[in-house]
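J.: Under our numbering, residues 8 to 332 are what the sequence shown spells out, in order.
One or more of the hints may lead you astray.
What the hints assert, rightly or not - Here are the simulated PhoX-like cross-link-like pairs (lysine-lysine), alpha carbons at most 20 Å apart as the crow flies:
no.: 1; residue 1: Lys13; residue 2: Lys97
no.: 2; residue 1: Lys315; residue 2: Lys290
no.: 3; residue 1: Lys312; residue 2: Lys290
no.: 4; residue 1: Lys263; residue 2: Lys290
Stated by the list, open to error - Derived Cβ-Cβ restraints for the label pairs, each shown as a range:
no.: 5; residue 1: Ser257; residue 2: Thr102; range: 55 to 63 Å
no.: 6; residue 1: Ala250; residue 2: Thr33; range: 38 to 46 Å
no.: 7; residue 1: Gly92; residue 2: His14; range: 13 to 21 Å
no.: 8; residue 1: Pro64; residue 2: Thr281; range: 51 to 59 Å
no.: 9; residue 1: Gly164; residue 2: Ala30; range: 23 to 31 Å
no.: 10; residue 1: Glu243; residue 2: Gly175; range: 47 to 55 Å
no.: 11; residue 1: Asp207; residue 2: Asp230; range: 24 to 32 Å
no.: 12; residue 1: Leu248; residue 2: Glu47; range: 27 to 35 Å
no.: 13; residue 1: Pro49; residue 2: Asp188; range: 24 to 32 Å
no.: 14; residue 1: Asp283; residue 2: Gly232; range: 57 to 65 Å
no.: 15; residue 1: Thr242; residue 2: Ala220; range: 18 to 26 Å
The set of hints was computed from the structure by calculation and includes no laboratory data.
As the structure is a prediction and not an experimental result, all values here were calculated from the model.
Beta carbons are placed, not taken as given, at the ideal position from N, Cα and C, and that holds for glycine.
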Amino acid sequence: MIDLAKHTQAHLVTCDDRAAWLAERTKSCGGSDSPAILGESPYATQFSVWADKTAPPLVTESTERQQIGLGLEEFVCQLYAQKYGGQVEKWPSWTIARHPERSYIHATPDATVFDSEHDGPGSLSIKTWSEFDQASWRDAPPLSVQIQLQQELAVLGWGWGVVAVLFGSQRLERFYFERDDRFIQSLLRCLEEFWVYVVDRVEPPIDQSIATARALERLHPDDNGLAVELPAEATELLDSLAATKEVAKSSEARRKAIENQLKAWIGDATYGITPDGRCVSWKSQTRKAYQVAESTSRVLRADVKPPKVIEYTEQQPQLTDGVNA
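Working from the sequences, and respecting the hints, build out all of it.
T.: Here's what the structure looks like:
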């Protein structure tokens, strides 16, 4: 068993259970929070992280998916040691490492690793990924994964780390990373600026993301029947909202007109070929249902791959002046 206290200056906090561990995590920014704070997370935003810190959600039982994920982490640790060698140990349960000088920053690595190529321990970040989405790992892990690893190195004071990814429960790969002090300094500044929002209970900028919308719905699930005075900026925003809806309505109308014109030109054919070789299809598609009768309709798709052999119909498209601009 690795004695972590001998290998890091970080403050280690071990909680009694999952509920206490989750509560402890709300007191600082973790490695999984940082990609969102830097705008590099597909799942969270500055606002949703701020909401989690200032108004933590109710503690619920871990989901089946989370339990499977923990089991896979154990498996990957064993597989990593078998494939690459070295000493690998899972991070202690319900333990958080806090930055020795910045208490608002913490890390909870998946595991620690010792090998013959490096002095001292390294942080092992474990990811399980769909085998159908390997393209995002072609040259390196996604930036959000790298940010999380660098934060772990910053908190623990370690000089290296490795990301181990299991693709579709079939293939394990690893990516080594050295500590990047220049990036870490930038990261720490960003986290310091963000934490001011939390301490002052001031909302960070609102964005258009689903994560922010869900956070707002969680913070304000019900209305109270009262009114609130809005700032002067609200007038401009309402005007912009109305204009945006009008543009969207106009764009939707034009889209439908364009599609109808293309359908009229294609007629009974399956494909339409433009003079420059682009292909439009209008194919029949059957919609199957369990409670209602299945139905068949035609679906228009632009810029599709043309068939290898193009057979032209005798039908002549109706000549029109085209779609109104």
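J.: May I ask which of the numbered hints given earlier this structure violates, with the numbers listed in increasing order?
T.: none
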